[in-house]
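If you read the sequences in order, they're chains U and W. For reference, each letter of the first sequence is one residue, going 1 to 251 in my numbering. For reference, each letter of the second sequence is one residue, going 1 to 434 in my numbering.
These are calculated hints, taken from the structure and not from any lab test. For each residue, glycine too, the CB sits at the ideal point set by N, CA and C. Any given hint could turn out to be false.
As the list claims (entries may be wrong) - Residues from chain U that keep clear of chain W, each with C-beta distances beyond 12 Å, as calculated:
1) V58
2) A68
3) E74
4) K111
5) D180
What the hints assert, rightly or not - Computed list of chain U residues with no C-beta within reach of chain W, every gap over 12 Å:
6) A26
7) S51
8) G52
9) R53
10) E57
11) R78
12) L83
13) V96
14) T104
15) E137
16) Q161
17) H206
What the hints assert, rightly or not - Partial list, derived from the structure: chain W residues whose beta carbon lies under 7 Å from chain U:
18) S44
19) I378
20) R387
21) R389
22) I391
23) A394
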Amino acid sequence: MLEIKNLHAELEEDSEVKILHGVDLAVKAGEVHAIMGPNGSGKSTLGYVLSGRDGYEVTEGSATLEGADLLDMEPEERAAAGLFLAFQYPVEIPGVGNMTFMRTAVNAQRKARGQEELSAGDFLKLVRAKAKDLKIEPEMLKRPVNTGFSGGEKKRNEILQMALLEPKMCVLDETDSGLDVDAMKLVADGVNALRDEGRAFLVITHYQRLLNHITPDVVHIMSEGRIIRTGGPELALEVEEQGYGHILEAV
Amino acid sequence: MVFPRQKLLAQKRDAAEARLAPLSLPQGGKWITAARENARARLSAMGLPVKRDEYWKYTDPATLTAAEAPEAALFQTADEAPLFDAQDRLKIVFVDGVFDAAASDDLALEGVEIALLSEAAQSDLHWARDLYGALEADGQKPVERPLATFNTAHATEGVLIRATGKAARPISLVYRRRDAGADAVLHHVVKLEPGAELTVLEDGPAAARFNQVMEADVADGATLHHVRAQGRDHERRTAAHLFARLGEGSVFKSFTLTANGAMVRNEAVIRLNGKGGVAHIAGTTVGDGAFHHDDTVFITHAAPGCESRQVFKKVLRHGAVGVFQGKILVEQPAQLTDGYQISQALLLDENAQFLAKPELEIYADDVKCSHGSTSGEIDPTSLFYLRARGIPDAEAKLLLVLAFLAEALDEIEDPSLAEDLRERIENWLRRHAD
């Protein structure tokens, strides 16, 4: 599904600031991978580079989604190809209705894939059903995108978008940050409901606690812009018990 | 020694002299002749604006005051449905500033008296006598607006509307064009008797050069809604003045959409004369290329407990220039005034310009007034968020531009009118996407 080879990236405006130093990662369809690591290890940057955010320069390496070169695509093309980034900080956009935003996104992707666009009525039915599963009030759909949403509402709104867009490769960037236990469970349930053999997840997180709810197949530890250790779910528990220091020393 | 002020006045008077010399006052009955003669005398004394005028610092009045109107190519509109077409309205059509009876509806509406200026001007007495040129003359202090005075003197057409009750449908003034060089002058008077309610719509490019005045007298407890769209025909020039006087507990809400135009100056001069009056003046402007648009607003709070809002949003690119001069004047008796003013520009490239002069002048001590002015570009983080969801760059920018304009469009009370304009803006933005 997702294949990252020797990926190097630096800040566009300051090539002295190198963030990714050769990331290698392969996620197969149906798998859930977690990336853990201390602050500043490059986890979020990896998500941004994969989704095509401005401000980063890829200097070496490759990233492909089902064989297609992601780095050669515009952000919207990556999305249409099946990549989804759930933002750590979902952006508030006053003046754009949440519903308008999601319908525009769904139909833009359908159009890019040569599928027929959904009518307003069909979309409404779809979004209501998915929103109900995530306990999203209809009121939230009418408000401007993320505007005035609580932290939990913003994260649920991200998962709602993911459910509507049905991506193949989901990158969740610290989706647990700012959530209380109940909200985290709700978000995790939303993610788990989307797990199937045709879809893969890359879950970026500081803490092991999210992984109690979304059980990963593979856990990677990232430090200083590369993956330094890979293991099973037990690796996350090791981090939780002993901290990153112990693992970093061992490398 | 010649003092600068005297020299400026001499220049302005010369400009007025040059403009007026070839023109004689139109013929008419006693009431209008008195108003015209009065205006002509006032204009000769104050002169026409020149570039050095402080009030015209950001906008060169030359093409608005010149003897000849520069030509403006006619825009092809075959692919665009007329604005407000779905509204149930009473249509009054002008072509190059000339009334078109065949294209207009019967000027009959329950609770409303409608007359053409050209007809009313023939009689010796008319109800409009007390207003025609009177609100315009009142609006000359503390800042002169000579183009409006010129209009009072030389307008031969316009609509005189007097509402005594709640009008069943909006009155829609439609300004069409035929001649590439037409120079049109229209003067409207709108009088709302106590408790009356009326909506006035205006749309169309009007003429190569268009000088327009609307005087609105909104009596106690009356409500006037005004929605205007000045659009298309990129080379056209417009000087529009809106003078409104508001009585106790009355409401006046005016919104203007301007899409392109080589030179547009819209002035709104509002006086809140009675307790608890409400005046909202708002507008959105979209400009691409050789476009100069100036919103100049002056709101005077003369009575206590009134509310005023000015909300202006401009989207500019490829050398377009937007100007905002907005003032709130709170006179000493106007305690508990609530005044709000915001002007913002979204500059879509580095060649666009926004010039703003927000002003507050307050003589009452218990008031709430705020103003803000900003200019900026499309927020890159928002843009990335939309694109990361699969929305193509151009479409994402369109959504963000419409979002930026939404606060101003929200000022329109009737959602179906707001939607008409929103669609119009969206079409325009699509035509002008890079």
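A quick look at each hint next to the structure:
Against the 12 Å criterion, U/V58 stays outside the reach of chain W, whose nearest CB is about 16 Å from its own CB. With 12 Å as the threshold on Cβ separation, the claim that U/A68 sits away from chain W holds: the shortest Cβ distance comes to roughly 15 Å. Its beta-carbon lying about 7 Å from the closest one in chain W, U/E74 breaks the requirement of being farther than 12 Å from that chain. Under the 12 Å C-beta cut-off, the non-interface status given to U/K111 relative to chain W is violated; the minimum distance is some 9 Å.
For U/D180, the condition that its CB be more than 12 Å from all CB atoms of chain W holds, with the nearest at approximately 24 Å. The beta carbon of U/A26 is kept farther than 12 Å from every beta carbon of chain W, the shortest such distance being approximately 23 Å. Against chain W, the non-interface label of U/S51 is violated: not every CB pair exceeds 12 Å, the least being about 5 Å. With a cut of 12 Å on Cβ distances, U/G52 falls inside the contact zone with chain W, its closest approach being about 7 Å.
Against chain W, the non-interface label of U/R53 is violated: not every CB pair exceeds 12 Å, the least being about 5 Å. With a minimum CB-CB distance of about 16 Å to chain W, U/E57 clears the 12 Å threshold, and the non-interface call stands. Remark: the non-interface label on U/R78 conflicts with the geometry, its nearest Cβ contact in chain W lying 8 Å away (cut-off 12 Å). Chain W draws U/L83 into its interface by the beta-carbon criterion, the shortest separation being 9 Å against a cut-off of 12 Å.
Its closest Cβ contact with chain W, about 5 Å, brings U/V96 to no more than 12 Å, contrary to its assignment away from the interface. Its beta-carbon lying about 6 Å from the closest one in chain W, U/T104 breaks the requirement of being farther than 12 Å from that chain. In this structure U/E137 is separated from chain W by more than 12 Å, as the shortest Cβ-Cβ distance comes to about 21 Å. Remark: the non-interface label on U/Q161 conflicts with the geometry, its nearest Cβ contact in chain W lying 6 Å away (cut-off 12 Å).
At roughly 22 Å from the closest C-beta of chain W, the C-beta of U/H206 stays outside 12 Å, upholding its exclusion from the interface. Annotation: interface hint on W/S44 violated; nearest CB of chain U at approximately 49 Å, more than 7 Å. Using the Cβ-Cβ criterion of 7 Å, the hint placing W/I378 at the interface with chain U is not satisfied: the shortest such distance is roughly 11 Å. Look at W/R387: its Cβ gets to within about 4 Å of chain U, closer than 7 Å, so that hint holds up.
Against a cut-off of 7 Å between C-beta atoms, the interface hint on W/R389 holds, since the closest Cβ of chain U lies about 4 Å away. A cut of 7 Å between beta carbons decides the hint on W/I391: the least distance to chain U is about 5 Å, and the hint holds. At about 10 Å, the closest approach between the beta carbon of W/A394 and any beta carbon in chain U exceeds 7 Å, and the interface hint on this residue is violated.
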